[in-house]
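The primary structure of each chain is shown beneath.
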Amino acid sequence: DAEITQSPRHKITETGRQVTLACHQTWNHNNMFWYRQDLGHGLRLIHYSYGVQDTNKGEVSDGYSVSRSNTEDLPLTLESAASSQTSVYFCASAEIGGPKSYEQYFGPGTRLTVT
Amino acid sequence: GQQVMQIPQYQHVQEGEDFTTYCNSSTTLSNIQWYKQRPGGHPVFLIQLVKSGEVKKQKRLTFQFGEAKKNSSLHITATQTTDVGTYFCAPRAGTALIFGKGTTLSVSS
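Respectively, the protein sequence lines represent chains V and E. Once you know that position 6 of the first sequence is 6 in my numbering, the rest is easy, because the numbers rise by one and skip nothing. Once you know that position 30 of the second sequence is 30 in my numbering, the rest is easy, because the numbers rise by one and skip nothing.
It should be emphasised that the hints constitute simulated quantities derived from the structure, not laboratory data. Note that CB positions come from ideal geometry on N, CA and C, so glycine has one too. Be aware that a few hints might be false.
Unchecked claim - Facing chain E, according to a computed beta carbon distance under 10 angstroms, are these residues of chain V, among others:
#  : residue
1  : TYR35
2  : GLY40
3  : HIS41
4  : GLY42
5  : TYR50
6  : GLY58
7  : GLU59
8  : ARG68
9  : ALA92
10 : TYR102
11 : GLU103
12 : TYR105
13 : PHE106
If we strip away everything but chain E, and leave its shape as in the complex, we get (with noise of 0.2 angstroms):
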């Protein structure tokens, strides 16, 4: 089945600094969602990407959907100590997600 590596498992970052995390697959992907799940929190829906090359924006983050549709990432310009969390990336079987096992941001001011 379709399993998904994030990298990193950890990343702390001065609040300011940008930030990127990747989701790599060895298989192709036919879409991929982002969530962020905030300490305690639950997971809330970011984004889908389904398109090759597909590039998404919200506000200070951008998410990218590789050409070949086997890796994903999500950068996040000029942190802040709201983005603190975890960022799951997620490819969609059928109506089910494979959830990766996620990235986990700290951000220190």
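If we strip away everything but chain V, and leave its shape as in the complex, we get (with noise of 0.2 angstroms):
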């Protein structure tokens, strides 16, 4: 079956360390998407790419950069952590067209932990 995975599920890192965390999908879904979720601000859209070599900023990118190399990955990458980022992140990925176009898929998060 197709699923969209995540690694690490947990991770404590230090301030100012840099920090990848790794989304991979197997729908074959061209747009995928990476949210983090704190309480009090439900989900926040950080970055999003409709398909590979592309790349687009959300609402809250500061600090945050992503790359997309091939249809079934989208990596996150943390340039130098703060504190303020400590929060669960969520990869999503969407096919559009298809019968089930623009429903959002999403993977089992990564707890981040900035110390």
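Now that you have both chains on their own, put them together as the hints suggest.
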């Protein structure tokens, strides 16, 4: 069965370190998204991609970057981790044009703690 | 940009009672999606509404899109403990979604 996975599921890092969170989907979806979820803020869009080599900034992109070198993966990099980036991070993917057009499928999430 | 307000933020009901969450926007929405997130889980797609006045049902769940396309609602009839979680509305902007802050439902048996 197709799926979307994230790794690691839990990560503790120190302030100032570079951190990369992995997202891998086997749905063959062109569109992929990264969100962060914090109490009181719901889900906020960080970056998204419409396809290979395409990336776009979301609502809260400062301090984050993504790259899309293939259809399956959209890694999220925190250039220099800050305590304010302690959060739960969700990756999602969606197809456009099929019967489930625009429905987003979410990964299980990565809980990141920056100390 | 598009922003939505969800009310209430929290709701506690007794099992068997009905529950409604509302999603309101100051601007006209082209479409809206609803997601459910169980405690400790990830958001799961429930429905997408695109037409003015649209009503869709999924078993005990009824979704509505307002005539002016500025509001939407999710109504659950006769809640069960399995309905526990946070319900998010999310208008779509292009292919990206702008999530509301959600309504967290708790159910006691």
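Checked hints:
no.	hint	verdict
1	TYR35	holds (8 angstroms)
2	GLY40	holds (7 angstroms)
3	HIS41	holds (7 angstroms)
4	GLY42	holds (4 angstroms)
5	TYR50	holds (7 angstroms)
6	GLY58	holds (7 angstroms)
7	GLU59	holds (8 angstroms)
8	ARG68	violated (14 angstroms)
9	ALA92	holds (8 angstroms)
10	TYR102	holds (6 angstroms)
11	GLU103	holds (5 angstroms)
12	TYR105	holds (7 angstroms)
13	PHE106	holds (4 angstroms)
When the structure is compared with the earlier hints, a violation turns up for hint 8 alone.
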